[in-house]
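Protein chains in written order, with this note's numbering: chain A, 1 to 310; chain B, 311 to 567.
Quick caveat, the hints were computed from the structure, so don't treat them as lab data. Take these hints with a grain of salt, some might be off.
[To be verified] Over 10 Å on every C-beta distance to chain A, these chain B residues come out as not near it, computed from the model:
| no. | residue |
| --- | --- |
| 1 | Val343 |
| 2 | Leu429 |
| 3 | Phe445 |
| 4 | Tyr474 |
| 5 | Val488 |
[Claimed, not checked] Distance condition first, Cα-Cα at most 25 Å in a straight line; then the derived DMTMM-like pairs of lysine to aspartate or glutamate:
| no. | chain 1 | residue 1 | chain 2 | residue 2 |
| --- | --- | --- | --- | --- |
| 6 | B | Lys326 | A | Asp128 |
| 7 | A | Lys142 | A | Asp168 |
| 8 | A | Lys221 | A | Asp25 |
| 9 | B | Lys326 | A | Glu162 |
| 10 | A | Lys221 | A | Glu197 |
| 11 | B | Lys326 | A | Glu97 |
| 12 | B | Lys326 | A | Glu86 |
| 13 | B | Lys398 | A | Asp25 |
| 14 | B | Lys398 | A | Glu93 |
| 15 | B | Lys326 | A | Glu154 |
| 16 | A | Lys3 | A | Glu162 |
| 17 | B | Lys326 | A | Glu118 |
| 18 | B | Lys326 | A | Glu93 |
| 19 | B | Lys398 | A | Glu86 |
| 20 | B | Lys398 | A | Glu162 |
Note that this is a predicted model, so its numbers are computed, not measured. For glycine and all other residues, C-beta sits at the position ideal for the given N, C-alpha and C.
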Amino acid sequence: MSKALDIRGLRKVYGNGFEALHGIDLTVEEGDFFGLLGPNGAGKSTAIGIVCSLVRKTAGQVRVFGIDIDRDFSSAKSHIGLVPQEFNFHVFEPVIEILINQAGYYGIPRRIASERAERNLHQLGLWDKRNSIARNLSGGMKRRLMIARALTHEPRLLILDEPTAGVDIEIRRSMWQFMRERNRAGTTIILTTHYLEEAEALCDTIAIINDGRVIEHADKKTLLTRMPRETFILDLRRPLTQLPAIPDFGLRQIDPLTLEVDLTRHCTLNDLFQALSRHGIEVLSLRNESNRLEQLFMEIVGNDDRERQA
Amino acid sequence: MRWRQQWIAFETLVIKEFLRFIRIWVQTVLPPVVTTALYFIIFGNLIGRQIGPMEGFSYMDYIVPGLILMAVITNSYANVVSSFFSAKLQHYVEEMLVAPIPNYVILAGFVAGGVARGLTVCAAVSTTAFLFASFHLHSLATVLSMILLTSILFSLAGFINGVYARTFDDISIVPTFVLTPLTYLGGVFYSLDMLPAFWQKLSLANPILYMINAFRYGILGITDIPLALSYGIVIGFILVLGALALRLLDRGYGIRH
Ligand SMILES: Nc1ncnc2c1ncn2[C@@H]1O[C@H](COP(=O)(O)OP(=O)(O)OP(=O)(O)O)[C@@H](O)[C@H]1O
Ligand SMILES: [Mg+2]
Numbered sequence: 001m002s003k004a005l006d007i008r009g010l011r012k013v014y015g016n017g018f019e020a021l022h023g024i025d026l027t028v029e030e031g032d033f034f035g036l037l038g039p040n041g042a043g044k045s046t047a048i049g050i051v052c053s054l055v056r057k058t059a060g061q062v063r064v065f066g067i068d069i070d071r072d073f074s075s076a077k078s079h080i081g082l083v084p085q086e087f088n089f090h091v092f093e094p095v096i097e098i099l100i101n102q103a104g105y106y107g108i109p110r111r112i113a114s115e116r117a118e119r120n121l122h123q124l125g126l127w128d129k130r131n132s133i134a135r136n137l138s139g140g141m142k143r144r145l146m147i148a149r150a151l152t153h154e155p156r157l158l159i160l161d162e163p164t165a166g167v168d169i170e171i172r173r174s175m176w177q178f179m180r181e182r183n184r185a186g187t188t189i190i191l192t193t194h195y196l197e198e199a200e201a202l203c204d205t206i207a208i209i210n211d212g213r214v215i216e217h218a219d220k221k222t223l224l225t226r227m228p229r230e231t232f233i234l235d236l237r238r239p240l241t242q243l244p245a246i247p248d249f250g251l252r253q254i255d256p257l258t259l260e261v262d263l264t265r266h267c268t269l270n271d272l273f274q275a276l277s278r279h280g281i282e283v284l285s286l287r288n289e290s291n292r293l294e295q296l297f298m299e300i301v302g303n304d305d306r307e308r309q310a
Numbered sequence: 311m312r313w314r315q316q317w318i319a320f321e322t323l324v325i326k327e328f329l330r331f332i333r334i335w336v337q338t339v340l341p342p343v344v345t346t347a348l349y350f351i352i353f354g355n356l357i358g359r360q361i362g363p364m365e366g367f368s369y370m371d372y373i374v375p376g377l378i379l380m381a382v383i384t385n386s387y388a389n390v391v392s393s394f395f396s397a398k399l400q401h402y403v404e405e406m407l408v409a410p411i412p413n414y415v416i417l418a419g420f421v422a423g424g425v426a427r428g429l430t431v432c433a434a435v436s437t438t439a440f441l442f443a444s445f446h447l448h449s450l451a452t453v454l455s456m457i458l459l460t461s462i463l464f465s466l467a468g469f470i471n472g473v474y475a476r477t478f479d480d481i482s483i484v485p486t487f488v489l490t491p492l493t494y495l496g497g498v499f500y501s502l503d504m505l506p507a508f509w510q511k512l513s514l515a516n517p518i519l520y521m522i523n524a525f526r527y528g529i530l531g532i533t534d535i536p537l538a539l540s541y542g543i544v545i546g547f548i549l550v551l552g553a554l555a556l557r558l559l560d561r562g563y564g565i566r567h
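Generate coordinates for the entire structure from the input sequences, incorporating the hints supplied.
The structure is reproduced here in structure tokens:
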């Protein structure tokens, strides 16, 4: 497989002297659904900005489908569609014009641009709004407008910087569906998000950036098997006055009807339930304390922060 | 990008720029018409009658070329500076930056927008002018080429101002404190001969003087300055400002972090 994006030793020092990226390496295979995660200020948007020519790099190399951006940024750009984190359209322009103009900047004739705009607006549920000025769209609609805009030139690599921020659950699910279909149709996708369940549901490969460094870069399945432990919440049938001593499970009582338990990889849920039954504790329902990737993310980033403080 | 694609990108920019100022014509096309009409009523009609003929023309007819060119200068400049500054401020300049358009196409698109506004205003103001003054046309070629070159020149200047501007103050400082004085002192209302020797010399440092005189030649057939010198100066400025604007774009000044 060829590489959709290949980043080597990428550094960024902003004008004020702040070093946002300390030489990062990242590879995204063609056809991948790639999650770029990291806390606020980690450097995700900076890296994306460099790839899309909104930010000038200080050092390093970026290749898009093998094209070095220092050699031929223009052809590299023609393969990328960007959905930026911040709204960046002309707020008084009608939706349809925003799309047709963007296509025009890629050299796409008006007729083809309107056909594509129509198709994408239908798919993203914005067709009714085609003549509204952008300012009159809701926040979630504006995000979808930016997705439609990024697709007008049918890019092979679609980069979405927090596309679902502030989008309601129903629309978010339909956006997931949309992104999955695009990905299946062959578009490589890079997604940043702070909703870890979103990354878990969609992405095949995950990279985590913290403080301008890549601290994790692996495929999602491998990553999840590395989870040292998983935390569950148990709802009980009867109130528990005294928490029995059950070793190996790090059992904690939250309130009389709720227990929290850490399951390491050596124990199974069966082990846990056997132990609880022995003490006459009946469990009504069971749920994850948080999403699995979220727990892993907290561990990895937490460890990294501690290591660097030490 | 191939030529055809570059052309489409250019066309897109021009249409967008054109629609931008046409939609707000009350703010863009109407004011210069009103201002010019006032100049004619006050200077041309009331005061002009006391002044008597200038180089064989009535004062009213004498000031027509300068007033038209003044409107072209102000409007070409204003169009590009405000358009580019808002594109920066609202970040939609990024729509162009992420696309594979060469910088010279971006520059050409904005300049063409400024020229479109300059020409539209020129047509509107000229129509108004000839309601008051008598119609003269000495050389159509000079008139058209001077309008076009002047409009290009001040569109470029407006672009550079837009690139450097960080606040709304920055986009009004140059028009108010540089452009307007230079235009007034560029011989819109008087002939160079009327000035004392020292001020004549000083006026020669004012590039706008050359444009107004060449344009007046096109309309009335009289000028204080040799025509070739005027063209040389305008074209020289266009080349210098064009190169500077492109350099700023290539460096991403003010638009790329
Ligand atoms: N123009 C700038 N000048 C100076 N520093 C900047 C600039 N833009 C970003 N930074 C800094 O660079 C760091 C990385 O910012 P970036 O926007 O890349 O983070 P991010 O990972 O996208 O965060 P978020 O999840 O909040 O969007 C931050 O500390 C930010 O303050
Ligand atoms: Mg960001």
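Here is how each hint holds up against the structure:
1. Val343: Valine 343(B) clear of chain A: closest Cβ-Cβ about 24 Å, beyond 10 Å.
2. Leu429: holds, 22 Å
3. Phe445: Fine: 39 Å to the nearest Cβ keeps phenylalanine 445(B) off the interface.
4. Tyr474: Label holds. Min Cβ-Cβ 15 Å, cutoff 10 Å.
5. Val488: holds, 28 Å
6. Lys326(B) - Asp128(A): Since the Cα atoms of lysine 326(B) and aspartate 128(A) sit roughly 23 Å apart, the hinted pair holds (cutoff 25 Å).
7. Lys142(A) - Asp168(A): Measuring from Cα to Cα gives roughly 13 Å; hence the hint holds.
8. Lys221(A) - Asp25(A): Holds, at roughly 21 Å.
9. Lys326(B) - Glu162(A): With Cα atoms ~29 Å apart, lysine 326(B) and glutamate 162(A) exceed 25 Å; violated.
10. Lys221(A) - Glu197(A): The hint holds at about 14 Å.
11. Lys326(B) - Glu97(A): holds, 9 Å
12. Lys326(B) - Glu86(A): Holds. Lysine 326(B) to glutamate 86(A) sits at ~22 Å (cutoff 25 Å).
13. Lys398(B) - Asp25(A): violated, 31 Å
14. Lys398(B) - Glu93(A): holds, 16 Å
15. Lys326(B) - Glu154(A): holds, 22 Å
16. Lys3(A) - Glu162(A): Given that 25 Å is the threshold and the Cα spacing comes to 23 Å, the pair holds.
17. Lys326(B) - Glu118(A): holds, 20 Å
18. Lys326(B) - Glu93(A): holds, 10 Å
19. Lys398(B) - Glu86(A): holds, 13 Å
20. Lys398(B) - Glu162(A): Holds, at roughly 22 Å.
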